[in-house]
Amino acid sequence: MTVIWVQQNFIARMLRNRMAVCGGIIVLFMFFLAFVAPFFCQDPGAIDVSRRLSPPSPAHFLGTDDLGRDVLTRIVHGARISLLVGFVAIGIASVIGVTYGALAGYYGGKTDAVMMRLVDIMLCFPTFFLILAVIALLEPSIWNIMIIIGLTGWMGIARMVRAEFLSLRERDFVLAARVVGGSDLRIIFRHILPSALSPVLVAATLGIAGAILTESALSFLGIGVQPPTPSWGNMLIAGKQTLGTAWWLSFFPGCAILVTVLGYNLLGEGVRDALDPRLGD
Amino acid sequence: MLRYIFRRLLMMIPLLIGITLISFIVINLAPGEPTDLQTQMNPDVSAEYQQRLRLQYDLDKPLLVRYGKWLGRLAVLDFGRSFASDHRLVRDKVLERLPVTIMINLLAILVILVVAIPLGIVAAIRRNSFFDKSTTILVFIGFAMPSFWLALLLMDLLGVRYGLLPVSGIKSLGYEYLGPVGRFFDVARHLILPVLISAFGGLAGFSRYMRSNMLEVIGQDFILTARAKGLPEQVVIGKHALRNALLPLITILGLSVPGLIGGSVIFETIFAIPGMGKLFYDGVMMRDYPLIMGVLVMGAVLTLAGNLLADIAYAIADPRIRHSPASR
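Chains as they are written, first to last, in my numbering: chain L, 1 to 281; chain Y, 282 to 609.
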């Protein structure tokens with residue numbers, strides 16, 4: 001009963017938060033674009049040289065690029081890439097961060113001290129340097145990008161989960177679980193973890209926004225998702241040369257990034273406020 | 282105080298070792314050998330030369346031995362020679378690029394503080410006002426804005442279309458012929474866009490942070506006391522509240538160092554600024570291993586130094602930290 005009540009309360013609080021609702025709508029819309037729209041759109045690689053660099057018009061709402069490809073179609077397909085990168089990268093970061101933080105926080109003491117030192121070390125690196133170095137040494141495929149964004153993004157989540165575990169492990173229900181003979185792993189993952197997950201939800205939502213930005217920055221530098229696969233970052237850089245004459249090539253992909261990242265950020269902040277009303281503004 | 286600084290310095294040693302270890306592992310993740318680029322791409326290279334290079338870089342020895350040797354050279358600040366055609370020492374290459382990057386980042390931090398602090402204060406004391414709500418929306422847009430996109434648009438608008446500002450490098454062509462005042466203004470004009478762009482991302486975060494700090498402080502009892510004893514509101518906010526709300530900002534400044542350094546890759550590439558970020562990007566593109574390793578380690582050490590400075594500044598500013606048992 002209480003669980004249901006808490007959930008209803010959570011949803012009600014989310015719906016009352018106008019900015020969170022906006023964020024949710026943006027995120028849902030991007031999902032819609034990514035999953036449904038490609039079936040209705042033409043091939044994003046369809047080249048039509050007779051229509052090179054045509055400005056936005058009823059036939060091509062957002063214009064065409066230097067090969068006559070429809071910008072809107074490519075943005076819609078780019079949404080799938082952004083979504084994929086965001087979710088997989090943050091999925092990897094969350095799994096590592098949650099497991100790492102849970103083990104450090106549960107065992108505490110020396111284990112914790114040593115494990116957290118590694119987190120401190122990882123946090124010293126300018127993340128973008130680290131990502132750049134690894135991507136350049138391997139090769140800039142979309143899978144490498146997702147993995148490396150995940151591998152360099154788990155530290156914040158690990159710290160949060162550890163802090164939750166340090167306080168939760170002192171609670172009576174943990175003692176009770178131990179008394180009835182629950183193994184450490186069972187206590188960690190079945191008993192404590194569910195109570196420690198809500199801050200992870202917030203961090204993951206905000207993290208997706210960060211991962212989308214990072215991927216677009218990498219693509220912008222030419223070492224992200226490689227053409228001809230359309231990603232918002234590589235469309236943006238492709239339009240750089242013709243910025244003066246064909247502004248729509250860079251402008252609209254940038255807008256897509258801005259709006260999507262905004263959506264995830266608003267949603268993430270909304271979830272945070274709804275989970276913890278004390279923080280609410 | 283000295284003991285506190287000494288203790289902090291000691292704590293940095295394991296971190297430094299960890300940093301070098303991770304940098305070393307990252308570089309050795311790469312398939313093939315670091316010398317491949319020099320040898321395989323070049324058909325004139327004989328097997329003999331290849332072997333000599335392998336010996337020179339100790340590629341015939343086990344990984345751990347190589348790490349030990351590299352660490353030994355690092356201790357005397359020897360990062361090796363760049364693979365680029367100039368074959369210069371990595372240390373010299375990095376050191377000559379460092380000042381530009383540090384200058385731009387310091388200016389960016391200055392801009393962030395000058396704009397974000399007042400913005401955060403006003404938003405906090407006029408909570409839920411029109412001003413507060415509009416800055417909140419601006420903050421979210423600022424968070425979501427891809428800085429490279431903004432840079433491109435501003436370059437096109439201000440640089441190309443209206444010709445108001447230069448869009449690449451940090452000096453004009455005729456820089457040598459200018460007087461000292463002219464040189465200053467020339468560099469200043471070149472720096473406006475890069476500094477604004479690199480400040481932009483931090484602006485949103487800092488003003489938001491300042492606002493929530495201020496709100497938290499205003500809610501505390503000593504503010505109530507200050508008001509109760511009849512102090513004017515300016516003194517309550519400007520002195521009692523502000524001082525306490527500014528303190529945590531020091532830590533956040535320290536924490537934002539890696540982000541700023543990392544971000545320098547993007548804006549230095551866009552604006553063709555000869556700084557550390559551009560050096561790193563070029564090195565990455567050419568697979569210049571000694572350079573990549575050198576910059577990776579230097580970037581992390583700079584971050585460590587930034588954090589240390591922030592902690593020391595915090596201890597100086599806040600007697601509660603200085604006198605707490607944990608810090609002695």
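A couple of the hints might just be wrong.
As the list claims (entries may be wrong) - Here are some of the chain L residues that sit facing chain Y, going by a computed Cβ distance under 10 Å: (1) F10; (2) A12; (3) R13; (4) L15; (5) L67; (6) Y107; (7) G109; (8) P126; (9) S216; (10) W247; (11) W248; (12) C255; (13) Y264; (14) D273.
Hint data in this document are derived by calculation from the structure and do not stem from the laboratory.
Just so you know, even glycine gets a beta-carbon here, dropped at the ideal spot from N, CA and C.
Evaluation of the provided hints:
With a cut of 10 Å, the hint placing F10 of chain L at the interface with chain Y is violated, because the nearest CB-to-CB distance is about 22 Å. Interface hint status for A12 of chain L: violated, as the beta-carbon distance to the closest one in chain Y is roughly 21 Å, over 10 Å. Of the supplied interface hints, the one on R13 of chain L is violated, with its beta-carbon coming no nearer than about 17 Å to a beta-carbon of chain Y, more than 10 Å. About 19 Å separates the beta-carbon of L15 of chain L from the nearest beta-carbon of chain Y, more than 10 Å, and the hint is not met.
This hint is violated: L67 of chain L has a C-beta 20 Å from the nearest C-beta of chain Y, more than the 10 Å allowed. The interface hint given for Y107 of chain L is violated, since its Cβ lies 20 Å from the closest Cβ of chain Y, which is over the 10 Å cut-off. The beta carbon of G109 of chain L comes no nearer than 17 Å to any beta carbon in chain Y, farther than 10 Å, and the hint placing it at the interface is violated. Taking 10 Å as the C-beta contact cut-off toward chain Y, the hint placing P126 of chain L at the interface holds, the least distance being around 4 Å.
At its closest, the beta carbon of S216 of chain L sits 6 Å from a beta carbon of chain Y; the interface hint therefore holds under the 10 Å criterion. Taking 10 Å as the C-beta cut-off, the interface hint given for W247 of chain L holds, the closest approach to chain Y being about 7 Å. Against a cut-off of 10 Å between C-beta atoms, the interface hint on W248 of chain L is violated, since the closest Cβ of chain Y lies about 12 Å away. Here the hint on C255 of chain L is kept, as its CB sits about 9 Å from the closest CB of chain Y, short of 10 Å.
Residue-level restraint check for Y264 of chain L holds (minimum Cβ-Cβ distance to chain Y is 8 Å; threshold 10 Å). Checking D273 of chain L against chain Y by beta carbon gives a least distance of about 12 Å; that is not within 10 Å, so the hint is violated.
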